[in-house]
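S.K.: The residues making up each chain are set out below.
Number of protein chains: 2
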Amino acid sequence: MVEKRIPISVKEAVTRVMQFEKEGKKEEVSIYECNGRFLCEDIVANHDVPSFDRSAYDGFAIRSVDLKGASKENPITLSVIDEIGAGQVCQKRIGEYEAVRIMTGAMLPSDCDAVVMFEVVIEGSENTQPYIIIDHEVETGTNLSFQGEDVKKGKTLVEKGTKINPGIMALLATFGYAKVPVAKKPIVGIFATGTELLEVDEPLEKGKIRNSNAYMVMAQIERAGATPVYFGKLQDVFTESYEAMKEKLESVDVLITTGGVSVGDYDLLPAIYRKLGAEVLFNKVAMRPGSVTTVAHLDGKLLYGLSGNPSACYVGFEIFTKPIIRRYLFSSKPHLQSASAILGEDFLTANAFTRFFRSTVSWKEDGLLHTVPSGVDKSNIVTSLAFANALTILPSNSTGYQKGERVNVLLLEEEAGSEWPWN
Amino acid sequence: MVEKRIPISVKEAVTRVMQFEKEGKKEEVSIYECNGRFLCEDIVANHDVPSFDRSAYDGFAIRSVDLKGASKENPITLSVIDEIGAGQVCQKRIGEYEAVRIMTGAMLPSDCDAVVMFEVVIEGSENTQPYIIIDHEVETGTNLSFQGEDVKKGKTLVEKGTKINPGIMALLATFGYAKVPVAKKPIVGIFATGTELLEVDEPLEKGKIRNSNAYMVMAQIERAGATPVYFGKLQDVFTESYEAMKEKLESVDVLITTGGVSVGDYDLLPAIYRKLGAEVLFNKVAMRPGSVTTVAHLDGKLLYGLSGNPSACYVGFEIFTKPIIRRYLFSSKPHLQSASAILGEDFLTANAFTRFFRSTVSWKEDGLLHTVPSGVDKSNIVTSLAFANALTILPSNSTGYQKGERVNVLLLEEEAGSEWPWN
Chain X
50 MVEKRIPISV KEAVTRVMQF EKEGKKEEVS IYECNGRFLC EDIVANHDVP
100 SFDRSAYDGF AIRSVDLKGA SKENPITLSV IDEIGAGQVC QKRIGEYEAV
150 RIMTGAMLPS DCDAVVMFEV VIEGSENTQP YIIIDHEVET GTNLSFQGED
200 VKKGKTLVEK GTKINPGIMA LLATFGYAKV PVAKKPIVGI FATGTELLEV
250 DEPLEKGKIR NSNAYMVMAQ IERAGATPVY FGKLQDVFTE SYEAMKEKLE
300 SVDVLITTGG VSVGDYDLLP AIYRKLGAEV LFNKVAMRPG SVTTVAHLDG
350 KLLYGLSGNP SACYVGFEIF TKPIIRRYLF SSKPHLQSAS AILGEDFLTA
400 NAFTRFFRST VSWKEDGLLH TVPSGVDKSN IVTSLAFANA LTILPSNSTG
450 YQKGERVNVL LLEEEAGSEW PWN
Chain F
50 MVEKRIPISV KEAVTRVMQF EKEGKKEEVS IYECNGRFLC EDIVANHDVP
100 SFDRSAYDGF AIRSVDLKGA SKENPITLSV IDEIGAGQVC QKRIGEYEAV
150 RIMTGAMLPS DCDAVVMFEV VIEGSENTQP YIIIDHEVET GTNLSFQGED
200 VKKGKTLVEK GTKINPGIMA LLATFGYAKV PVAKKPIVGI FATGTELLEV
250 DEPLEKGKIR NSNAYMVMAQ IERAGATPVY FGKLQDVFTE SYEAMKEKLE
300 SVDVLITTGG VSVGDYDLLP AIYRKLGAEV LFNKVAMRPG SVTTVAHLDG
350 KLLYGLSGNP SACYVGFEIF TKPIIRRYLF SSKPHLQSAS AILGEDFLTA
400 NAFTRFFRST VSWKEDGLLH TVPSGVDKSN IVTSLAFANA LTILPSNSTG
450 YQKGERVNVL LLEEEAGSEW PWN
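Taken in order, these protein sequences are the chains called X and F. Counting along the first sequence from 1, when you hit position 397 you're at 446 in the working numbering, and nothing is skipped either side. Counting along the second sequence from 1, when you hit position 122 you're at 171 in the working numbering, and nothing is skipped either side.
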């Protein structure tokens, strides 16, 4: 009566999914709208930074040659013949024993080769002609920022696939990217399945629960960088469900369903995948929660049958769907970022399958990352997800794990990502 | 000639700013639009979860009393009189030696007290009447999820000020929040000052640089959770700048300017603050970069004079502006999250002021957080910001710091935050 499914390892399951990774489409958006988007091209410096030699301080631009031999006993006087603020350019020639008052960031006059700061000169004026007195020698190059000192033209600064953050915004502005080339956001469709589901605005009924998975997955899709489209609920009725999925599949890059992938009497997804002609990559993974996660492939598109169980659904998305979205977004590190952490609680039961428990990691005084389960760790426990910022990986073993052991975690909020955390 | 300013400590400067912290306004948004927003009220469970006793597996709901004495030698047969999927409710009374076929998540019929899984029964049928044979006793409560097991009605689940993430979305949906109470985003206005600035779409000119600070700060404001409004550039002309700031101040919750706060000839902000009648909280902080950061207060609004220097501007925002925004958003941990890390490079020069260097933190095999400067650490070096996910704090000392030392870092991307990292 019950279909027998053969579980495969998480690593093998991820490998099967990643066969279908591909980079997405490109578009240009205004710099005002690019924050948080993913670059689809490398940013290359199109000019030196600074693009000219400039003063690093407020002071006076001088010719160091004029100050040879200057000392407390032999101070040297320079005539101040011009003054320039940042953005202004000195139009005069600077001759022997002449100087220019200059502000931070202003371009060094071409006849000068150093700057002395306000604080180290004596200022005066004679017949409205200002002068300065300097009592020390000054090396050429003093207090300057040199052309190209920060960045040389032609240097690759940020690689494609990187999420745009405030620092990258500064680079984009510096190099004149009024339009920014970013990855188009893939469209990820969602159906929730299950006759037991009420919508969020429906009153609670006996035997029913509100649909929480669709809203959760929408937020996960956004966090991954894609655009979610919620197509509503499917009743556990084959023909309607099949027709709805077939129709909507056209309009999305990835299609997610929640629920209906187990082996219960009303779990229709396996039959729907068959009728669609989709190739099922796997329907059982040696992991908890999420062992019934099913992924299928049809005409270049992936169909994710995530569990109806909130935690299993959550984990299935992060492990199998997020990296596909990140590859669409040109990332070379599409998987969740992995890290080593100290287990904060005993887990003394044997695991036949790899466990991913929803965890809160934190940094203690000892400088180590510590991981504790966020809420009770049963796969139906929705509250454990609210404070999860990591998944702790407990590989299958017969003895469980003890508090204080070193374990691997996958960080849910870290943008850097991993190339392949499944060693 | 040069104004003498007295630097105050970072801790004292933050303390002065935080005198003016206040919680912002509230609004309701659709659950479809609340991801990433900040809750302005605690989320309290308005019903038990589960809201009824339900089956944790696909199987048969039974009365454990019927199976007393069942064994391999003495298997007991139950008549299967109904079947229910999740969302369905059994309408029949279940009598002696009767059972109901039940799917995961379905409500337990009131006459039953346990579930046996498909896998452990033998199914058969006689004259179309299905039956099951069970060869073991079953304890009451087996394979059930009990009402209130996950959450009891009335429990506070998430505190106000928390950023809505996928797990919180699931909770909101579960408890029927079609509309979600969130903090209104404060409006943060930005002026860039400086005659040297070109807009992002202008070609490079001699002596000028493109305005990168405004775009960077806009992204920082978004990351903090507020709405940026860019008012454009101000030339270094007093009356125009004063009028523009006075006018725009009306329309914002916080006003930021970049540049113009130093003691150069064209640094107009001190005079503008005076003419506005704003109380200057400080104009010199014992920190690098960002020592000229100036914060003023006028009629309940804060005016931030951030440095024109990109790195100084960046650090000034994160230390002084972000916590004010997060308090508007009802957060009780508004400051950057602090952590302990291992310094990845020598910093052997003496610091008179506390240094905040833009850093990339990462987790190595040893489970420790490691911090290295992201790019060259000079305050004008814009590229160092692109890869910064932390600020490393090096308190002033006379000997510098050695590679391998334990230092504190502030994590730029972590949402949890700190109550007060300035001990």
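Just so you know, these hints were derived from the structure itself, not from any lab. Just so we're clear, the structure is a prediction, and the values are computed from it rather than from any experiment. Do not rely on the hints blindly, as some may be mistaken.
Simulated restraints on C-beta separations [unchecked claim]:
{"hint": "1", "chain 1": "F", "residue 1": "Glu186", "chain 2": "X", "residue 2": "Lys60", "range": "35 to 45 angstroms"}
{"hint": "2", "chain 1": "X", "residue 1": "Glu72", "chain 2": "F", "residue 2": "Gln178", "range": "34 to 44 angstroms"}
{"hint": "3", "chain 1": "X", "residue 1": "Gly85", "chain 2": "F", "residue 2": "Glu454", "range": "30 to 40 angstroms"}
{"hint": "4", "chain 1": "F", "residue 1": "Glu454", "chain 2": "X", "residue 2": "Glu468", "range": "45 to 55 angstroms"}
{"hint": "5", "chain 1": "F", "residue 1": "Trp469", "chain 2": "X", "residue 2": "Val329", "range": "46 to 56 angstroms"}
{"hint": "6", "chain 1": "X", "residue 1": "Glu175", "chain 2": "F", "residue 2": "Gly281", "range": "38 to 48 angstroms"}
By construction, the Cβ of each residue, glycine as well, lies at the ideal position given by its N, Cα and C atoms.
S.K.: Could you run down the list of hints and mark each one as holding or not?
M.R.: Verification of the supplied hints:
Roughly 40 angstroms separates the CB atoms of Glu186/F and Lys60/X, a value that falls within the hinted 35 to 45 angstroms. The hinted range of 34 to 44 angstroms is not satisfied by Glu72/X and Gln178/F, whose Cβ atoms lie roughly 59 angstroms apart. Between Gly85/X and Glu454/F the Cβ separation comes to about 35 angstroms, which falls inside the hinted range of 30 to 40 angstroms. Glu454/F and Glu468/X have their C-beta atoms about 30 angstroms apart, which leaves the hinted 45 to 55 angstroms range violated.
Between Trp469/F and Val329/X the C-beta distance comes to about 53 angstroms, which sits within the given range of 46 to 56 angstroms. Between Glu175/X and Gly281/F the Cβ separation comes to about 42 angstroms, which falls inside the hinted range of 38 to 48 angstroms.
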